Amino acid sequence: SQQGEEDPQALSIQEGENATMNCSYKTSINNLQWYRQNSGRGLVHLILIRSNEREKHSGRLRVTLDTSKKSSSLLITASRAADTASYFCATGRDSWGKLQFGAGTQVVVTP
Amino acid sequence: NAGVTQTPKFRVLKTGQSMTLLCAQDMNHEYMYWYRQDPGMGLRLIHYSVGEGTTAKGEVPDGYNVSRLKKQNFLLGLESAAPSQTSVYFCASSYSGLAGNEQFFGPGTRLTVL
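Residue numbers (this note's numbering), protein chains in the order written: chain A, 1 to 111; chain B, 1001 to 1114.
No lab work stands behind these hints: they were computed from the structure. Owing to the predicted nature of the structure, the values given are computational and were not obtained by experimental measurement. The beta-carbon is built from N, C-alpha and C at its ideal position, and this holds for glycine as well. Please note that a few of the clues may not be correct.
[Said to hold, decoys possible] Short derived list, chain B residues pointing at chain A, Cβ under 8 Å:
| # | residue |
| --- | --- |
| 1 | THR1007 |
| 2 | PHE1010 |
| 3 | VAL1012 |
| 4 | MET1041 |
| 5 | ASP1062 |
| 6 | TYR1064 |
| 7 | SER1094 |
| 8 | ASN1101 |
| 9 | PHE1105 |
| 10 | PRO1107 |
| 11 | GLY1108 |
[Said to hold, decoys possible] With a straight-line cut-off of 27 Å between C-alpha atoms, the simulated DSSO-like cross-links for lysine-lysine are:
| # | chain 1 | residue 1 | chain 2 | residue 2 |
| --- | --- | --- | --- | --- |
| 12 | B | LYS1070 | B | LYS1009 |
| 13 | B | LYS1009 | A | LYS98 |
| 14 | A | LYS98 | B | LYS1057 |
| 15 | B | LYS1071 | B | LYS1057 |
| 16 | A | LYS26 | A | LYS56 |
| 17 | B | LYS1057 | A | LYS26 |
| 18 | A | LYS26 | A | LYS98 |
| 19 | B | LYS1057 | B | LYS1070 |
| 20 | B | LYS1070 | A | LYS98 |
| 21 | B | LYS1014 | A | LYS98 |
| 22 | B | LYS1057 | B | LYS1014 |
| 23 | B | LYS1014 | B | LYS1071 |
Construct all of the structure, not just a fragment, from the sequences and the given hints.
Next comes the structure, spelled out in structure tokens:
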């Protein structure tokens, strides 16, 4: 079973626009992570937010976490063609580092 | 540093054949994981290891076995491949599991079972 579910499933935007995607989950977590996957490649870690944090920034990325609503959002500002990828949220609940991934959001950024 | 490497990159098997996927990491990470990724789905955890000599079942362990004889290597075995095991397999490693740590992923192995 998947813990996280992303919304939307697909997103098409133009360069310079912002991209926002959401992740909802079902049970309590101790951290939530976002990963990017370029076509045919492995996943690359973007950002981790712990359950006691509400917002984190990393470069053009902004992540929020609302544990009362069991949801998170990832904002990519000033998108570039190189941001074209699938984005996955993953929730961690235990001390073994196991993650449960959502199905992902496919983002296409056109020049 | 090579990070996390996986061999082979591609493989085609016939139903009933066996094979082993090798994952190697050079970051001295304690924790290693095997996932499978199917179309339209996120990654699902098959097995994981929290240190040399240890293994544990993940979400979808049936039909797979693993071994972690050396800290840097994590092997995934399919004893009798089935078409349902056609998938892309990813290995990942992390420094520890405590309080959440990022996982570093390999490039994947695309397996087709006919």
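Hints breached by this structure: 1, 2, 3, 5, 6, 21, 23
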